[in-house]
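Asker: So the chains spell out like this:
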Amino acid sequence: MNSFTLTQAAAVDEAVRDFAGHAGAAYLGGGTNLIDLMKENVSRPAHLTSLGHLPLSDITGLPDGGLRLGALATNADTAWHPEVEARYPLLSQTILAGATPQLRNMATNGGNLLQRTRCYYFYDLATPCNKREPGSGCSAIGGQNRVCGVLGTSASCIATHPSDLCVALAALEAVVRVQGPRGERTIKFADFHRLPGNQPELDNTLQPGELVTAIDLPAQGYAKNFTYLKLRDRASYAFALVSVAVGLEMDGNTIKTARFALGGVAHKPWRDPAAEKMLEGQTASPDLFRQVATKVFAEAKGYGVNSFKIELGKRAIVRALEQASEMDQAIDSNAFLNSNP
Amino acid sequence: MSTSYAQGPLAPPAGALAPTQPVTLRINGEDHTLQIAPWTTLLDALREYLDLTGTKKGCDHGQCGSCTVLADGKRINACLALATVYQGRQITTIEGLGGEDNLSPLQQAFIDHDAFQCGYCTPGQICSAQGLLNEGRAKTADEVRELMSGNLCRCGAYTNILSAVMEVLHDGQVVVDNGTLVTIPMQPISANSAA
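Residue numbers (our numbering), protein chains in the order written: chain A, 26 to 366; chain B, 1070 to 1264.
This is chain A alone, in the form it adopts within the complex:
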């Protein structure tokens, strides 16, 4: 690790000022990603503005029926918060599918949004990587790209965003609240992360010095019909090769509202509003789900090692939609089994 100075800010404005007052500063949340990147020499901040004392750990109800997740609430406290478990079980399940209990106890919600890719070459200082060192080239294209993306990639970067939590936040259409040198603003979740284009060094649309203060969930939590399907190389503690977060509003077998997002396939949690529209007003059926899956991956591009993700992704969408749409029926059939031993 390089040497650095550190300030512990007590208020949001103080943190924003401290950041602005130090060249090469970075905000420190739970540190589970940043400290690791600093040990790897991938990140070399000259100054850390530590956020641990900021009053941003609360989870509180909003007047519109939604829920505000403080940026510094830990992943574990969020996943096991009674309101989140009851009203946003998709979010709870998704958080618990990621990392380990130790990491979830440290990692913050705001920090989860800002974690960097796990593309092998981003961590490997001996190889070119446009995200780590703009203009140096992409080693993943034509290299070991099992973890890389197949949707929205560019000639300069095929990295994926590694978060589970963000996939659920995309499906739930959360809103990110930020504060920076020019004041506060909100960013729709779909606009928070970006595609790599020719500036893969930028993961998101935050302006320099802006700090995530909260994540707002809308009132609709899809608590009856939801699923998070995560496919990975190990059953626990592994990043998603492909994941799908689904929230449905059902009327019998008819899908009234559909929201879903994919992880592990792109530089951002992948939404496809046109594919969601294909589901709405329709009767849930495997045929329909296959059509939707085909549409989502119509423009996908495999890079050899990771080309399997296209077929895997389609099948994951079908299975996730089946799971989410049949959740009520599954409960009914259990009741049937229980009453007929």
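Worth flagging that the hints you see were computed from the coordinates, not collected in a lab.
Hints may be right or wrong, so weigh each one.
[What the hints assert, rightly or not] Straight-line Cα separation of at most 20 Å, DMTMM-like style, residue types lysine to aspartate or glutamate; simulated pairs:
| hint | chain 1 | residue 1 | chain 2 | residue 2 |
| --- | --- | --- | --- | --- |
| 1 | A | K64 | B | E1117 |
| 2 | A | K281 | A | D312 |
| 3 | B | K1126 | A | D312 |
With chain A fixed as given, assemble chain B onto it according to the hints.
Answerer: Chain B in isolation, oriented as in the chain A frame:
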């Protein structure tokens, strides 16, 4: 023969280093004031400054769990924690859970179930299992397996680690509260929770 550096010497001049600062950490119920740099991790503070070498450095990247300690009763990876930002928190290490003359229930269960071979991961396993008990979420063997997945054992003692944790889970929960071990009444455990 002299060595020349194209961009000057690799190490910055001593004056450019951030000064060390006094940092007071509450470890196992006692305050310790250390003079450390901002980049000193909680793990290094414990091992290199306080001689609390029960907490182990394995991967040093938050992947293996051998550095697991409790902060306010919650398990964390000490290798990814900067010591200075953990001021004011109650840190509990394996030494704080018990010693030779007063083994904690988990420590005793690990011995009884032969839950370790080389022993390097064991302090982290026990602290993590203590965190699991504190959380009160895991009831079944599968849930314990899932919630212990942040601790690797290269010897592969997983089966016996699971048995040890399940025994303590069945016997009643022993939690860390305000830095000390407290036994709370046994929780009802569902029929399908047998190891």
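Asker: With reference to the structure, classify each hint as holding or not holding.
Answerer: Comparing the hints with the structure gives:
1. For the suggested pair A/K64 and B/E1117, the alpha carbons sit about 18 Å apart, so the restraint of at most 20 Å is met.
2. Among the hinted pairs, A/K281 with A/D312 is consistent with the structure: their alpha-carbon atoms are about 17 Å apart, no more than 20 Å.
3. Between B/K1126 and A/D312, the direct Cα distance comes to roughly 52 Å. Violation of the 20 Å bound is thereby established for this hinted pair.
Figure legend: structure checked against the earlier numbered hints; the only hint not met is number 3.
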